[in-house]
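**Student:** From first to last, the protein sequence lines are chains A and B. First residue of the first sequence: 1, per the numbering used here; consecutive thereafter. First residue of the second sequence: 1, per the numbering used here; consecutive thereafter.
Because the hints were derived from the structure by calculation, they are not lab data. Heads up, some of the hints might be wrong.
[Stated by the list, open to error] In the DMTMM-like style, the derived pairs of lysine to aspartate or glutamate whose C-alpha atoms are separated by at most 25 angstroms in a straight line are:
#	chain 1	residue 1	chain 2	residue 2
1	A	Lys93	B	Asp196
2	A	Lys93	B	Asp113
3	A	Lys187	A	Asp175
4	A	Lys93	B	Glu237
5	B	Lys217	B	Asp318
6	A	Lys93	B	Glu480
7	A	Lys113	B	Asp442
8	B	Lys425	B	Glu397
9	A	Lys93	B	Glu411
10	A	Lys187	B	Glu430
11	B	Lys50	A	Glu170
12	A	Lys113	A	Glu27
13	B	Lys47	A	Glu170
14	A	Lys113	A	Asp123
15	A	Lys187	B	Asp30
16	A	Lys187	B	Glu477
17	A	Lys187	B	Asp113
18	A	Lys113	B	Asp113
19	A	Lys93	B	Glu397
20	A	Lys187	B	Asp394
21	A	Lys187	B	Glu397
22	A	Lys93	B	Asp318
23	B	Lys217	B	Glu197
24	B	Lys50	A	Glu209
25	A	Lys187	B	Glu237
[Stated by the list, open to error] Some residues of chain A that are not near chain B, with every Cβ distance over 10 angstroms (derived):
#	residue
26	Asp12
27	Gln20
28	Ser95
29	Asp123
30	His162
31	Cys177
[As the list claims (entries may be wrong)] The following label-pair restraints were derived from C-beta to C-beta distances:
#	chain 1	residue 1	chain 2	residue 2	range
32	A	Leu168	B	Ala101	54 to 64 angstroms
33	B	Glu430	A	Glu105	27 to 37 angstroms
34	B	Leu214	A	Ala174	51 to 61 angstroms
35	A	Ser95	B	Ala31	20 to 30 angstroms
36	B	His78	A	Ala38	46 to 56 angstroms
37	A	Glu105	B	Ala483	36 to 46 angstroms
38	A	Gly100	B	Tyr287	54 to 64 angstroms
39	B	Pro198	A	Glu97	47 to 57 angstroms
40	A	Arg28	B	Ala483	18 to 28 angstroms
Don't be surprised by glycine CBs; every beta carbon is placed ideally from N, CA and C.
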Amino acid sequence: MRVALFVTCVNDTLYPHTGQAVVALLERLGVEVDFPPAQTCCGQPQFNTGYRHETEPLVRRYAAAFREYDYVVTPSGSCAAMVRDNYPRIGAKASAEGRGEELTEAAASAVPKTYELTEFLLDVLGVTDVGAYYPHTVTYHPTCHGLRMLGLGDRPRRLLEHVRGIELRELAGADECCGFGGTFAVKNAAVSAAMGADKARAIADTGAETICAVDNSCLMHIGGTLARQGAAARPVHIAEILAATEDAPPSAARAAVEGSPR
Amino acid sequence: MSRTYLGMPGSHPAASRAPFPEAAAASTQDAQLRGNLRHATHTIRAKRAKAVAELDDWGALRAAGAAIKDRTLRHLDHYLERLEESVTRAGGTVHWAVDAAEANRIVTRLVQDTGEREVVKVKSMATQEIGLNEALAEAGISAYETDLAELIVQLGDDLPSHILVPAIHRNRGEIRDIFRERMAAWGRPAPDGLGDEPRELAEAARLHLREKFLSAKVGISGANFMVADTGTLVVVESEGNGRMCLTLPETLISVVGIEKIVPTWQDLEVFLQLLPRSSTAERMNPYTSTWTGTADGDGPRDFHLVLLDNGRTDTLADRVGRQALRCIRCSACLNVCPVYERAGGHAYGSAYPGPIGAILTPQLRGVGGSLEASLPYASSLCGACYEVCPVAIDIPEVLIHLRERVVEGGEVTLRGSKAVIKPAKGHAAERAAMRAARWALDHPGALRGGQRLAARTRRFHPKRLPGPGRAWTDTRELPEVPAESFRDWWARTRGERGEK
Numbered sequence: 001m002r003v004a005l006f007v008t009c010v011n012d013t014l015y016p017h018t019g020q021a022v023v024a025l026l027e028r029l030g031v032e033v034d035f036p037p038a039q040t041c042c043g044q045p046q047f048n049t050g051y052r053h054e055t056e057p058l059v060r061r062y063a064a065a066f067r068e069y070d071y072v073v074t075p076s077g078s079c080a081a082m083v084r085d086n087y088p089r090i091g092a093k094a095s096a097e098g099r100g101e102e103l104t105e106a107a108a109s110a111v112p113k114t115y116e117l118t119e120f121l122l123d124v125l126g127v128t129d130v131g132a133y134y135p136h137t138v139t140y141h142p143t144c145h146g147l148r149m150l151g152l153g154d155r156p157r158r159l160l161e162h163v164r165g166i167e168l169r170e171l172a173g174a175d176e177c178c179g180f181g182g183t184f185a186v187k188n189a190a191v192s193a194a195m196g197a198d199k200a201r202a203i204a205d206t207g208a209e210t211i212c213a214v215d216n217s218c219l220m221h222i223g224g225t226l227a228r229q230g231a232a233a234r235p236v237h238i239a240e241i242l243a244a245t246e247d248a249p250p251s252a253a254r255a256a257v258e259g260s261p262r
Numbered sequence: 001m002s003r004t005y006l007g008m009p010g011s012h013p014a015a016s017r018a019p020f021p022e023a024a025a026a027s028t029q030d031a032q033l034r035g036n037l038r039h040a041t042h043t044i045r046a047k048r049a050k051a052v053a054e055l056d057d058w059g060a061l062r063a064a065g066a067a068i069k070d071r072t073l074r075h076l077d078h079y080l081e082r083l084e085e086s087v088t089r090a091g092g093t094v095h096w097a098v099d100a101a102e103a104n105r106i107v108t109r110l111v112q113d114t115g116e117r118e119v120v121k122v123k124s125m126a127t128q129e130i131g132l133n134e135a136l137a138e139a140g141i142s143a144y145e146t147d148l149a150e151l152i153v154q155l156g157d158d159l160p161s162h163i164l165v166p167a168i169h170r171n172r173g174e175i176r177d178i179f180r181e182r183m184a185a186w187g188r189p190a191p192d193g194l195g196d197e198p199r200e201l202a203e204a205a206r207l208h209l210r211e212k213f214l215s216a217k218v219g220i221s222g223a224n225f226m227v228a229d230t231g232t233l234v235v236v237e238s239e240g241n242g243r244m245c246l247t248l249p250e251t252l253i254s255v256v257g258i259e260k261i262v263p264t265w266q267d268l269e270v271f272l273q274l275l276p277r278s279s280t281a282e283r284m285n286p287y288t289s290t291w292t293g294t295a296d297g298d299g300p301r302d303f304h305l306v307l308l309d310n311g312r313t314d315t316l317a318d319r320v321g322r323q324a325l326r327c328i329r330c331s332a333c334l335n336v337c338p339v340y341e342r343a344g345g346h347a348y349g350s351a352y353p354g355p356i357g358a359i360l361t362p363q364l365r366g367v368g369g370s371l372e373a374s375l376p377y378a379s380s381l382c383g384a385c386y387e388v389c390p391v392a393i394d395i396p397e398v399l400i401h402l403r404e405r406v407v408e409g410g411e412v413t414l415r416g417s418k419a420v421i422k423p424a425k426g427h428a429a430e431r432a433a434m435r436a437a438r439w440a441l442d443h444p445g446a447l448r449g450g451q452r453l454a455a456r457t458r459r460f461h462p463k464r465l466p467g468p469g470r471a472w473t474d475t476r477e478l479p480e481v482p483a484e485s486f487r488d489w490w491a492r493t494r495g496e497r498g499e500k
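Isolated chain A (complex conformation) (with noise of 0.2 angstroms):
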């Protein structure tokens, strides 16, 4: 089996610790994970914007930076969604606009091989006790594109739920949407700022230490939210909970892997 990580460049640039907890939680659970370097970007702030041209050579660069691999495995809902969702539909303007089946054929080599990290876990390896320890109030924020799109059920919730230590507290209104929807923040700033302040509002009133969630995308806007209300609650992805041990709490987890940069 071989196991690709797609980080995904919100990842890569500003949430390396995420990364670092997928590969050492799949490391554990003894899979070996390999990080192709010519991945970059699955496209979605381009196409979901308009930009369906500029996504195109992300589409054929996903498909092959991925080829050799059975499995690719990514700690983004989102990204995920676009794969599977809108790369075939890219691939099906391109060949109606007369342009052959090249990347219709990228994406039918990239869809049936992409999982977002906890349907892998739940639905590849079958596992639901992943042998974490996180001994915090956590309460966990369905993001829209895992819950509508991938259609994750309650797999990141069965994985919270053998996590040891943990106390999960119930999201009110977890279903509605946290307001980020990419470039939607800037271009609608005032309507998203109002989802985001009432989606900040439901997780302080839980108490909880934590919001977790399977997409940094929206935890940066739910957290850069709470954050300036000064709120206690902190973002952290689904991945670190997951990865966290006794021996390796999040903290420790990061300072060990990342070592001393140059």
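Place chain B on chain A using the hints.
**Tutor:** This is chain B only, laid out in the frame that chain A set:
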């Protein structure tokens, strides 16, 4: 009544033409509006979920609804001609209107032919879309809305803000004030000492409207469905005012979009299950009125059907966008939309607010205007609308498709002919940024260089951004750039590999 017709389809003195973000920035600050909308949408949302959960074949019904609409739209020309034959055979007269102006001209002339100066109206989205009331006012004809919420909107010289609940933005105190201040100018005044109890308000409206029903000689309606086989029109409603308008006047004029056709009564059965559960969360709506042409001694003596195109044929020509024409105007998408809930209906600047409006208006009117070009972006793409849509319109898919039309331009159908439109103005900087990003993301070395530069300068990054970045930092902190990217960490700890 003083109204000025601006000559623009769907125009109204209070109609906003401002781009969505501007209008929404103002409405999100209106605490009263936010409170009214939150309460109303969350209540209907929960009830709908319950009503839908009762049916274990909802998924199959939804698929059937979508399939019937798609098949009908694919052969729309055939079914329209069949409908015209059926309506004509049943004693009605069919008129074809290519756009709003033509539809308004036809209806105005039909009313003038009766010699009447007043008409009563059944709640109708199509007549709002074309601005019929304003066009009739221009010709000196008063159109009285008889749906309770439409009456509130009309008396308040306001605009509807929701498909099903046009006065959703008003609370009962505001409604009492509107009735007290405005009813007298339109007919029977509000009773003395009118309070804000729903029963009192409904009774005041009933007394006020009864006068109109009994004196009106002309009724104007839309229709939820038209059955091609028999030429039957269908209106579903809750209040019974519709049935009064459809049966009491001598002349009935129905203005209906061409996409409202279903081939047979058997097809209708699917929608009579989908619509009430999705819109009012009822198993069945209280009133379902059907009429077929005219009948001696029963109901209107003259029946006219005005079939409205107004951009629908152009929309049908678009492979992705055409699914918007499946819409049965249930408003389930509005009630679950987090953007609608906070921005309110008026920000969408048309008769069709919410997610469906965001894909319908830019198709019916084109994306040339700044409001229309902004509507496809009035969504976080959360997908809640698609999830509840009873005819499975993939609204996020169409939104992205229309965003492409805005920023890239390309081939569209305008009034039946192929045309190539230019990209909308105001996206030049964004387009340049997207191109630059695409180049960098297609060159991992460049991406890595950018990451390293950001990491090296991270101590100097400002907390608040200038220019467009302010839209982020006005309400949110920026994430801190880490000392090392994942890419560099991997290369350092696992060894550099070949990189193209």
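**Student:** Taking the earlier hints as the rules, which of them does this structure contradict?
**Tutor:** Violated hints (numbers, rising): 1, 2, 4, 5, 6, 17, 18, 23, 24, 25, 26, 27, 31, 35; every other hint is consistent with the structure.
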